[in-house]
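Colleague: Quick mapping for you: the protein sequence lines, in order, are chains A and B.
Residues in the first sequence are numbered consecutively from 1, following this note's numbering.
Residues in the second sequence are numbered consecutively from 1, following this note's numbering.
Hints were generated in silico from the structure; no laboratory data involved.
Idealized CB from N, CA, C, for every residue including glycine.
Errors might be hidden in some of the hints.
Stated by the list, open to error - Across the chosen pairs, the derived CB separations fall in these ranges:
1) A:Q49 to B:E275: 51 to 59 Å
2) A:G265 to B:N11: 56 to 64 Å
3) B:R104 to A:Q49: 44 to 52 Å
4) A:E267 to B:E283: 45 to 53 Å
5) B:R104 to A:K272: 17 to 25 Å
6) B:T85 to A:P162: 38 to 46 Å
7) A:G276 to B:C206: 21 to 29 Å
8) A:N266 to B:L159: 26 to 34 Å
9) B:T85 to A:E307: 50 to 58 Å
To be verified - Derived PhoX-like pairs (lysine-lysine); straight-line CA-CA distance at most 25 Å:
10) B:K249 to A:K272
11) A:K272 to B:K250
12) A:K248 to A:K73
13) B:K68 to B:K155
14) A:K79 to A:K184
15) A:K54 to B:K251
16) B:K84 to B:K14
17) B:K215 to A:K272
18) A:K214 to B:K124
19) B:K220 to A:K301
20) B:K6 to B:K155
21) B:K114 to B:K124
22) B:K124 to B:K14
23) B:K215 to A:K301
24) B:K68 to B:K84
25) B:K114 to A:K244
26) B:K251 to A:K272
27) B:K68 to B:K220
28) B:K282 to A:K44
As the list claims (entries may be wrong) - Partial list, computed: chain B residues near chain A (C-beta under 8 Å):
29) Y183
30) F239
31) N265
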Amino acid sequence: MTTLLTPPPEKSISEIADATEKLSDMNAPEPEHCPGPQSDNAGKSEACQTCDNKDICTSLPKGPDPDIPLISKRLESIKHKVLVLSGKGGVGKSTFTSMLCWALASDDELEIGAMDLDICGPSLPKMLGASTNESIHASNSGWTPVYVSDNLGMMSIQFMLPSEDSAIIWRGAKKTGLIKQFLKDVDWGDLDYLVIDTPPGTTDEHLSVTSYMKEVGIDGALIVTTPQEVALLDVRKEINFCHKAGIKILGLVENMSGFVCPGCGNESQIFKPTTGGGEKLAHDLNIKFLGSVPLDPRIGKACDNGECFFDLYPNSPASDAILDVVESLRDEIEGL
Amino acid sequence: MSESEKPFSLNRVKNVILVLSGKGGVGKSSVTTQLALTLASQNLKIGILDIDLTGPSLPRMFGIEDHKIHQSEQGWIPVHAPVKTGDNTLNMKLMSLGFLLNNRGDAIVWRGPKKTGMIRQFFKDVIWGELDYLIIDTPPGTSDEHIAIAEELNKCPELIYGAVIVTTPQLVSINDVKKEINYCEKANFRILGIVENMSGFVCPYCAECTNIFSKGGGEKLALETNLPFLGAIPIDPLFVDMIENQVIKKKENNETLVELYQHSNMYPLFQSVVEQILSLGKE
Numbered sequence: 001m002t003t004l005l006t007p008p009p010e011k012s013i014s015e016i017a018d019a020t021e022k023l024s025d026m027n028a029p030e031p032e033h034c035p036g037p038q039s040d041n042a043g044k045s046e047a048c049q050t051c052d053n054k055d056i057c058t059s060l061p062k063g064p065d066p067d068i069p070l071i072s073k074r075l076e077s078i079k080h081k082v083l084v085l086s087g088k089g090g091v092g093k094s095t096f097t098s099m100l101c102w103a104l105a106s107d108d109e110l111e112i113g114a115m116d117l118d119i120c121g122p123s124l125p126k127m128l129g130a131s132t133n134e135s136i137h138a139s140n141s142g143w144t145p146v147y148v149s150d151n152l153g154m155m156s157i158q159f160m161l162p163s164e165d166s167a168i169i170w171r172g173a174k175k176t177g178l179i180k181q182f183l184k185d186v187d188w189g190d191l192d193y194l195v196i197d198t199p200p201g202t203t204d205e206h207l208s209v210t211s212y213m214k215e216v217g218i219d220g221a222l223i224v225t226t227p228q229e230v231a232l233l234d235v236r237k238e239i240n241f242c243h244k245a246g247i248k249i250l251g252l253v254e255n256m257s258g259f260v261c262p263g264c265g266n267e268s269q270i271f272k273p274t275t276g277g278g279e280k281l282a283h284d285l286n287i288k289f290l291g292s293v294p295l296d297p298r299i300g301k302a303c304d305n306g307e308c309f310f311d312l313y314p315n316s317p318a319s320d321a322i323l324d325v326v327e328s329l330r331d332e333i334e335g336l
Numbered sequence: 001m002s003e004s005e006k007p008f009s010l011n012r013v014k015n016v017i018l019v020l021s022g023k024g025g026v027g028k029s030s031v032t033t034q035l036a037l038t039l040a041s042q043n044l045k046i047g048i049l050d051i052d053l054t055g056p057s058l059p060r061m062f063g064i065e066d067h068k069i070h071q072s073e074q075g076w077i078p079v080h081a082p083v084k085t086g087d088n089t090l091n092m093k094l095m096s097l098g099f100l101l102n103n104r105g106d107a108i109v110w111r112g113p114k115k116t117g118m119i120r121q122f123f124k125d126v127i128w129g130e131l132d133y134l135i136i137d138t139p140p141g142t143s144d145e146h147i148a149i150a151e152e153l154n155k156c157p158e159l160i161y162g163a164v165i166v167t168t169p170q171l172v173s174i175n176d177v178k179k180e181i182n183y184c185e186k187a188n189f190r191i192l193g194i195v196e197n198m199s200g201f202v203c204p205y206c207a208e209c210t211n212i213f214s215k216g217g218g219e220k221l222a223l224e225t226n227l228p229f230l231g232a233i234p235i236d237p238l239f240v241d242m243i244e245n246q247v248i249k250k251k252e253n254n255e256t257l258v259e260l261y262q263h264s265n266m267y268p269l270f271q272s273v274v275e276q277i278l279s280l281g282k283e
């Protein structure tokens with residue numbers, strides 16, 4: 001295997017590392033009503049006339065993105081593609097992605113891939129226990145994922161950073177560019193499952209991944225929430241987004257639901273479901289409720305150490321709950 | 001107005017404080033709210049700008065989700081929240097995209113340029129009036145919103161008081177927060193200090209404290225990065241209760257949210273945070 005000689009992707013890995021040194025590398029910020037560099041109107045619309053990027057956009061090829069067939073070809077050998085979404089941050093998207101990957105990878109027959117689309121705050125490598133010294137290698141067949149076990153590979157921008165703490169201060173357009181490369185250039189091989197972890201919100205990353213994968217198809221999305229209304233409020237928006245983008249919702253899981261005091265065994269609702277929590281939301285919006293996972297301080301610790309929680313504590317109620325959710329999710333996907 | 005001129009809406013604003021974290025769900029909005037309530041309790045004029053466009057939480061935090069922004073000839077009038085009972089002159093002013101939505105479940109699905117445009121408009125069009133502190137609540141990450149805010153604020157560096165960094169104690173959060181510190185250096189924001197949120201939970205049945213999201217990570221990070229540690233804030237279900245039931249409680253006690261908050265166990269903790277922030281003085 002060679003290191004970054006071929007193929008030279010549009011943006012090489014070292015360029016990504018260099019870019020973290022600057023606040024922003026754009027000529028100019030895109031104007032508010034930017035039609036997008038891929039649009040037929042790029043460089044021609046009213047907003048373009050005063051934009052400093054006009055010349056770049058006018059000279060770009062127009063029409064449907066020629067990379068979409070390449071993305072579809074790359075991903076067609078993957079049987080199931082699942083998105084993990086939540087409007088809200090810190091509810092456990094990455095935790096759940098890692099759990100789901102581990103649970104699936106415990107079956108030796110299956111090949112699993114995990115893709116981290118959180119460009120500004122990648123946490124999946126740490127949770128899956130990938131070494132911080134790992135870097136991505138490119139060969140003729142593409143970028144090679146980092147393997148954390150025989151049948152579990154992963155891809156994250158974290159592996160491309162010069163140091164663990166480097167900030168990625170990128171505008172949306174640049175994130176979109178990297179996401180496209182993740183979809184087009186990563187050599188996953190034949191996978192049974194590709195689990196895609198996403199950042200909070202409903203913006204560039206979400207629009208990009210769904211539009212690039214439209215042709216090849218996404219099996220559906222797993223929505224993660226916590227019980228309190230401030231989280232549900234944002235999750236409603238994410239569900240609204242899924243409907244608009246035509247993504248099937250596989251189900252909703254409520255994380256951090258209730259905490260059992262290790263001292264006295266009484267349960268407290270730390271993130272109080274004042275408006276009925278995830279189950280009511282699922283019921284109201286007519287989506288499948290996959291279950292609740294209680295708050296167990298050891299889950300966070302296992303994630304910090306990159307260990308698999310349900311392997312460490314197979315008899316805890318949280319492990320049972322997680323595995324139940326994974327099972328119903330699999331039924332939902334494979335029963336399609 | 002030329003590009004580099006001070007944003008019009010900040011004409012009579014004295015200081016700007018940012019609340020940042022690389023990680024989502026660590027309590028940026030909760031810390032923003034409590035900073036604002038504590039500062040307002042000292043009779044300071046406070047405004048809050050929520051630049052989390054795709055997940056605005058501030059309207060909920062202040063129990064004013066049904067309020068709307070009004071357009072006047074001069075610009076957008078922020079939502080007013082009274083600070084003291086019976087006093088119509090002192091109001092906290094709030095601006096959030098949440099106030100502009102027709103339906104609270106509506107998703108704002110915007111790419112970067114639109115988000116940047118919105119933030120610029122906030123800086124141009126909101127009529128804050130005279131403010132001692134404008135507190136800016138931010139989304140997680142280091143992307144369009146963060147670049148836009150750095151660009152706007154660097155047109156008026158004399159207003160920047162500094163940034164409060166919020167983290168939770170566990171490592172995954174600390175890692176993202178380090179990236180945010182890196183961002184502050186590049187954006188020329190002075191870091192006022194680190195707040196460790198969700199630091200322990202006291203069981204209401206037996207008073208035993210459990211460190212649900214581990215413990216001490218924020219303090220260790222402060223030491224490592226040589227930044228002030230502003231305090232560890234525990235999880236307090238009573239505070240959440242107060243926020244969620246504030247509409248009823250305000251009526252029952254005939255008190256404003258600022259006054260309700262002054263009875264909360266969190267108030268003394270934030271008094272200490274605010275004291276440390278104010279003692280730093282402007283750079």
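Colleague: Now tell me if each hint is right for this structure.
Modeller: Verification of the supplied hints:
{"no.": "1", "hint": "A:Q49 to B:E275: 51 to 59 Å", "verdict": "holds (52 Å)"}
{"no.": "2", "hint": "A:G265 to B:N11: 56 to 64 Å", "verdict": "holds (58 Å)"}
{"no.": "3", "hint": "B:R104 to A:Q49: 44 to 52 Å", "verdict": "violated (37 Å)"}
{"no.": "4", "hint": "A:E267 to B:E283: 45 to 53 Å", "verdict": "holds (48 Å)"}
{"no.": "5", "hint": "B:R104 to A:K272: 17 to 25 Å", "verdict": "holds (19 Å)"}
{"no.": "6", "hint": "B:T85 to A:P162: 38 to 46 Å", "verdict": "violated (55 Å)"}
{"no.": "7", "hint": "A:G276 to B:C206: 21 to 29 Å", "verdict": "holds (28 Å)"}
{"no.": "8", "hint": "A:N266 to B:L159: 26 to 34 Å", "verdict": "violated (49 Å)"}
{"no.": "9", "hint": "B:T85 to A:E307: 50 to 58 Å", "verdict": "holds (53 Å)"}
{"no.": "10", "hint": "B:K249 to A:K272", "verdict": "holds (17 Å)"}
{"no.": "11", "hint": "A:K272 to B:K250", "verdict": "holds (20 Å)"}
{"no.": "12", "hint": "A:K248 to A:K73", "verdict": "holds (22 Å)"}
{"no.": "13", "hint": "B:K68 to B:K155", "verdict": "violated (29 Å)"}
{"no.": "14", "hint": "A:K79 to A:K184", "verdict": "holds (16 Å)"}
{"no.": "15", "hint": "A:K54 to B:K251", "verdict": "violated (56 Å)"}
{"no.": "16", "hint": "B:K84 to B:K14", "verdict": "holds (22 Å)"}
{"no.": "17", "hint": "B:K215 to A:K272", "verdict": "holds (22 Å)"}
{"no.": "18", "hint": "A:K214 to B:K124", "verdict": "violated (38 Å)"}
{"no.": "19", "hint": "B:K220 to A:K301", "verdict": "holds (16 Å)"}
{"no.": "20", "hint": "B:K6 to B:K155", "verdict": "holds (5 Å)"}
{"no.": "21", "hint": "B:K114 to B:K124", "verdict": "holds (15 Å)"}
{"no.": "22", "hint": "B:K124 to B:K14", "verdict": "holds (16 Å)"}
{"no.": "23", "hint": "B:K215 to A:K301", "verdict": "holds (11 Å)"}
{"no.": "24", "hint": "B:K68 to B:K84", "verdict": "holds (21 Å)"}
{"no.": "25", "hint": "B:K114 to A:K244", "verdict": "holds (18 Å)"}
{"no.": "26", "hint": "B:K251 to A:K272", "verdict": "holds (22 Å)"}
{"no.": "27", "hint": "B:K68 to B:K220", "verdict": "violated (42 Å)"}
{"no.": "28", "hint": "B:K282 to A:K44", "verdict": "violated (46 Å)"}
{"no.": "29", "hint": "Y183", "verdict": "holds (4 Å)"}
{"no.": "30", "hint": "F239", "verdict": "violated (11 Å)"}
{"no.": "31", "hint": "N265", "verdict": "violated (15 Å)"}
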